[in-house]
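K.L.:
What follows is the residue order along each chain.
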Amino acid sequence: MGRYVMRRVLQGVFTLFLVILLLHLLTTLAIQLNGNPAQAFFGDRPPSPSQLAAVEKRYALDDPCYDQLGNPCLGPFVDRLAAYASGDFGESLRGREVTDIVGTAAPNTLRLFAVVGVTWMLIGMTLGSIAARRRGKPSDQGIRGLSVLIDALPIFVLLLVYKYVFSVPLSKWAKETFGSDSLPALLFKPSFSADHPWATLIVPGILLGLAGSAAFIRLVRAAQLENYNADHVRAARSKGLSERHVTVHHVVRNSSIPVATAVGIIFTEALAGAVITEGMMNIYGMGGVLWRAVQDSDVSVVIGIVTLLAVVTVAVMIVVDVVYAALDPRIRYD
Amino acid sequence: MTDPSVSALMAEETEGGVPNRSFWSDAFRTLRRRPSVIGATVVAVFFLVVALFPWLFTDKDPQRCDIADSRIPPQWLGGEHPFGTNVHGCDVLAELVYGSRPSLLLAFIVVGASVLIGVTLGTLAGYYLGIVDAIVSRTVEVFLVIPLLLAALLLLSLFRTVDLGDGLLATIIQPAIVLTLFGWMGYTRYVRASVLETKNLDYVTAARVLGASDLRIMFRHVLPNAIGTVTALVPTAIAAVIGTEAVLAFLGIGVRPPAVSWGIMITEGSEWFTGGSQYLLLFPLGCLLATVLAFVVIGDNLRDALDPKLR
Amino acid sequence: MTEQNIPLLEVEDLAVEFATPDGVVRAVDGLSYSVTAGRTLAIVGESGSGKSVSSLAVMGLLQIPPARIVRGAVRFKGEDLLTLSPKEHRAVCGAHIAMVFQDALTALNPVHTVGWQLTEALRARRKMSRREAAGRAVELLDMVKVPNAKERIKDYPHQFSGGMRQRVMIASALAMDPEVLIADEPTTALDVTVQAQIMTLLSEIQAERDMGLILITHDMGVVANVADDVTVMYAGRAVEQASVFDVFASAAHPYTRALLRSIPRLDQKGAGLEVIPGRPPDPTSVPAGCPFHPRCGYAEDVCRSDPPPPQHTLLYDRRSACHFAERVVQERGGVR
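Protein chains in written order, with the working numbering: chain F, 1 to 334; chain L, 1 to 311; chain A, 1 to 336.
Because the hints were derived from the structure by calculation, they are not lab data. The reader is advised that the hints may include incorrect statements.
[To be verified] Here are the simulated distance ranges between beta carbons:
#, chain 1, residue 1, chain 2, residue 2, range
1, L, LEU56, F, GLU226, 45 to 53 Å
2, L, ARG33, F, LYS172, 41 to 49 Å
3, F, VAL5, L, GLN278, 52 to 60 Å
4, F, VAL5, A, GLU151, 46 to 54 Å
5, F, VAL5, A, THR193, 37 to 45 Å
6, A, THR20, L, GLN278, 48 to 56 Å
7, L, PRO257, F, LEU149, 55 to 63 Å
8, L, ILE177, F, GLY117, 33 to 41 Å
Values in this document were obtained by computation on a predicted structure and should not be read as measured data. Yeah, the Cβ is synthetic: ideal placement off N, Cα and C, and Gly gets one too.
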């Protein structure tokens, strides 16, 4: 097991290197195509001379490689890697360091993901279990149809509808009935408040969780169906073990494998969804910062955060693989 | 005991293993019966027609706007502007009709190109294995780490100032390239898995023994099995791209003004929502919702019908 | 002499129904048999004859609903298990009656080590310590002749070959020293040489421990080698019950006769394979009267109408559910 973890971590680091290289190559190409290396970082806004100089220095944009289309610009790449290694991920247009911004923003994203995770678990487990237990009956088909519908709605649309159609009247009603500072008023506030991070995150988290829960419902249903009547469960029962023992050590234990895999797959989608959610609901999290940076054309921040998120994704994938190997001994020995 | 080569010949003749016509017609028949599928197909086809033949639905040019006619509420049937006008005085119906084109065109181009790339790479990787597979699989992994949206955000931000002109194709080429670049991996994986499953089956070995070339084996024997899975994924993918276009437009990095797309309409419409002109948001949002839902319903049912493994 | 004849396990007039979307299915309809210490009972029948369902009922492993035990008693050393609460029934199983399942690959949990699974019940029910349990696991593997037992208890099921896995399953069933072992088609998933080894192992273990063994199978060859008594089942009923010698010398029921005749024989080269015409009845629509009558060469009007022929005793210890059992026995045939 230890060797598997080592192997996986090394693989992950290699993949991460390739990912950062890929990002670099693509951004280099974009800059070269754009024609205006340093200017490309500012979009339509005219940069101040100091900002321009900072970007040029940071990305070594005076390097002639940026004028040649197709040159991979490995020199600046190595420089950038060195910068990342020392924790320098760039600066925003206003001069604030990306790592600093992330430090403030990341906790909010984590809180959001916590709410999302709980939503997935709750909805996935309850609806999935019901669907499994009432297999074939109308409630099962209804739940599956519901999950199709949930899957269909892009989170973007869901948020738009909530923000413009529901939240304004709901928060008004809550304020009038319960007072401005009460929990219901905060819950339905259409934007984030740093003073009440958890309360204003709950509804966006639930909405985002809703959008991704379809996969969990299907998964839990399939895993439970497979396991409840599985041969090994029956064999365990034949040994006279208590129902509780069988459920814990055989049903739940085996069902957790596909759940772990699913988390890994859904994570990247959830990340994208989080960016949209935080952006639309004005949440000061990693996604929200990214959203704002794109709107402001603050490209240094965009590059910095996307790179950081790539690192996080690779780390999550490694963890998921390790957890999966811990749960399922069959894959450890390849 | 019959000669093995004879039975291989027979297998070839009878399309052994290739999903023969009854497989597809079975699937089609199941789908035909479900009311949700029929409804969804009608909606999808409707919007396709709107995109392909816009002049059937409106005679106005969405770009010819008279600022004096700004923000007229919908006049419904009989009026000059059945769905009203927007801030700049452009006819909303015309915008909706012409706006469907970039959205749908982008979706079809991206999905089409992704499928092509994905199927090719997946088949090559699964069939030849070895170094080809190693490179392809590693590439898939690397690309998978970066979520589609994030890559789009990054690259399109950099492209913001590039102007390629006004043609329909020109407005969507940038998002098209970026979305395709990060959209092919899923197909590659499915096709590779399917190829691995089928290439060791007896009838493929038999065909190879009979001297069939690699290409022929890939096309006639191995690929048709994978097509089912891939086809099932296409409608849902189309829906996803349509949705993504809206997000990109909202951020200003998708299809860009003065071109019109539903995403742009939604962006503008949301700014004016509280100002009393709710219709500016609701019309494009409704169209988006309807189209996306339609394709997803088709896609889900197609998947159920074509690939029992995914059920 | 008398001690040996007290039945360990007695099934009396067991009937089990299943509620299915297509109607109520009578999977077992009035089955009775008994097993004594040191003797092997073979329950023979095609798929769908109810042989597996009856043993699941004995072990209390049926899902109720959709299953329902309509009537009958299952007596272990005199006590009717069906009248016990599920908890009490469970206590008897595993400790006194154990089951070996058909497919060892799916019956063993892939995520736990073999050692863990062997001693699972010992640790949970008898509170054995981990170290003691590890020792016991090695003993059990030695008993079923798995080489290198001490290392192997740390391995997972997928790391064993098919035959070894079946041995592990047998060991797992023996962990609590049961008095009765039910083996449900233990060799069906194995190839022939391994089959022989497993059957030898089972006989040896049975002899050592003086266990009662119920062998559920459709393979008459295995029955001939190992069984002492035979119960032939068809459509949920026992159609013939006798000692193995009697059955093979001359069958007393047309179905048994047909089964024996359908075994391919080395000394009949060139002859076609004998098959039993027709197919086993659809469980939702069992024919009236004797369920075998549509396929039976001896069928007459009385066979086609209800009630179905009862089990009646031909001779001492020999029963058959055929109206014409005596006639069937007279016709020499079957396996010589």
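K.L.:
Evaluate each hint against the coordinates.
P.N.:
Hint check results:
no. : hint                              : verdict
1   : L:LEU56 <-> F:GLU226: 45 to 53 Å  : 51 Å, holds
2   : L:ARG33 <-> F:LYS172: 41 to 49 Å  : 47 Å, holds
3   : F:VAL5 <-> L:GLN278: 52 to 60 Å   : 55 Å, holds
4   : F:VAL5 <-> A:GLU151: 46 to 54 Å   : 23 Å, violated
5   : F:VAL5 <-> A:THR193: 37 to 45 Å   : 41 Å, holds
6   : A:THR20 <-> L:GLN278: 48 to 56 Å  : 54 Å, holds
7   : L:PRO257 <-> F:LEU149: 55 to 63 Å : 33 Å, violated
8   : L:ILE177 <-> F:GLY117: 33 to 41 Å : 34 Å, holds
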